[in-house]
Amino acid sequence: MHKFEPYWDKETVAAGLSSGQLLLGQLRINPKNYTEAYINHPKGDADVFIPGTKARNRALNGDIVVVRLEPLKNWKVYDAFITKGGQGDQQAAVGGSATFVTVGEFLCRHPEAFRKLFMNISGGLKKDLDGFTDPSNIPGEPAPGLSSAARLPWWNLIQRVGRVVFIHRRLNCRVCVGFMRPSVSSSQSQKDDRQLQKQNQGPLPEWQFALLSPTDSRMPRIIIPKAACPKDFVRQPDTFKLVRFVAQIQDWPEDSIFAKGQLVRRFEDAVMNCIEAETDRILINVGFPYGVAGANTFPKAVEDYVLEQVEKLTAETQAECSRRRDFRSRCVITIDPRTARDLDDALHVRRLTDTEIAALSAKGAENAMYEVGVHIADVSYYVRPGDPVDVEAASRATSIYLVQLCVPMLPRALCENLCSLHPGTDKFTVSVVFNLSEDAQILTKWFGRTVIRSRAKLSYEDAQSFLDDPERDWQTSDFPTFAEGTDVKEICRSVLLLNELADKIRTRRFEGGSLQLNQVKPVFSVADDTGLPIGVSPFIIKQANRLIEEWMLAANEAVAVLLARWLPRTAFLRRHPPPTAKQIREAKSCLRSIGVDVDIRSAGAVQSSLYRLSGNPVTRGWQHSDRLAELCASMTDCTVKVDEATTASKEDHLADEAHMLATLNVLTKCMNLAEYYCLGAVSKTAYIRHYALNMEKYTHFTSPIRRYADVIVHRQLASILAVNSEKANCMDIANAYRSTCISEVLNKPDELAAIADYCNARKQDARRASDESAEVFFTVFVKVVFFLSLF
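Add 841 to the 1-based position in the sequence shown for this note's numbering, that's all there is to it.
Everything hinted at is true.
Each computed SDA-like pair below joins lysine to any residue, with the alpha-carbon atoms no more than 20 Å apart:
(1) K1362 with Y1242
(2) K1423 with A1446
(3) K895 with V1006
Think of the hints as simulated: they come from the structure by calculation, not from any bench.
Could you put the whole structure together from the sequences, leaning on the hints where they help?
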């Protein structure tokens, strides 16, 4: 007997999607109520409601699913309007215990209330109850006398309801933590087990399966064969009631309410402290069944291949250098967080010579004055399509940054050594070189493989020191990480000029309509001996951070434009859909209730509203102040007693700041997430711009050490450069480019779209893991502070 509807065949699904009868979307399951799930509707007016586990049809949170809408009579009437039909309405139960009142039920039980509520559309609704299409919208100018509810668009009164008929992409990692108990049946519930016991009028038959109940209610219960259970559990299952296990879903047949899975291991939280146990749990939930140990370990085949590749390519270094543009004589620098080890971007800047200026002017690039190089680690030279490292990197898709550790996408021999742009050694890079005018207008762009030798590894604090005190007589001794003999003055001049040009580009970008919503990001101080948090403060964005951001954005946009022009079918790009009209209007209404007026006509209009509210200039934007950071920093090392006079003097300012933070939070929540996509796999009418950056084309190119999407982009760029080199009769260089980008995937839009979906899902997982890690550390920090405040 089927518990779930069989999935539709691919041909029927394709036809339904093409005709618009079926919808495609990413499933979101409510973490507070697992019976409620949703997908976005293409029109963007409201989500489609997927009620109960039966309608969800074995799809898991994050999966890309195909949904068929139910007839209009089965759509949901929002709870806020149920009381208008009379008290005590019995809501209809559906599979998985979800309850709601349908349009048909509401009409049947309360026809008069229905007529008043849906005054302008009730006639149409009655005629079309068996249809699947949206009712006509209520006119913009409602007739006098209409109730406040009747003035609303229909999608604020009722909600589309659908059911999953096909899983387009399984993006959920299908790994979870949970508790196990014995079960007689592999397909029946615990209630059925009790009924069977009652029918037999005796004890249950010998159990043959264990049932694992995940701690995350969005995951299904999982059947584990008895033979796969630990021997101790088989002998005394009752002693394991409080023991957690890790399992992985392998299948979920139509005839079972449970998924079938494999027991991976016992979750050994008893031997770990709170942070260690929670970190393990976080990593398990994003696809690493063995937690920290598994995440930081690569398969032996991958590690062995890295060693072989390093040895092979090191022997070819001299020949490879001859095929690359040489920037080793330039003052190339890196600017990263102080603790960073995977340095994947570097910069150089110089003033052009008179001869170079004249040559560029002759080619049409008049007023050229400066050259800026953005140099990115050439990961694609070392990681070839289909090799063991590539397969593992594609599976991980991104590095994951937790408070106390980084889970790398690439083996450390690559990401921290061979590819990382450490100073004083020759490094292979892929570069975008700009020629700019005095006012930082980009006049020309050059793309290609290069070799660099970084002069210095700067932290953001180091770079900021130059910006804060440009006239100081800086010495090598002022920077302990600088090698002896480093020309500090030249580095200082480079940082100042890079910042001057970046500031002009940034000003134009925001004047042109960019939007930036800076949320508060906590930074923790962690004790070396215990690993426990001893302080927390908000991360302060300095000018040095903005400098790097601006040049990375410029390089990403330049590569995106090139890919879109040369590869219209396969360009791997990134877009940021605007918020839906419903989302942004609700945000505006919410903010208006607290006295904040936001212009929502465009991203630039929203940003202008924030400028007015904060009083900050366009070049800086808004972020929390140093005062807020100082107040938080006063808790560092568990110092919880803040001077009362100091606090009082800051109270008014912090109240304004809290007001601004609340505004940012409301606006951020109404925004959609940016996403990767394949240009040839979306419809011609699809939105492909980047809303927040206000850019026509955008991609990720600058972080191939930590993002697999960037590796794909590097390979696509190499394929373009191979063609250009061949046209220039540089066959040796053309062949070198081709050797690193030979892959059938790069020519198939559907497969690139699948990679894009997977990278999007993994990026969301990484972000969630990072947020949960910060929550764990903050919780522990508050407990430590509270404990010490008692003494």
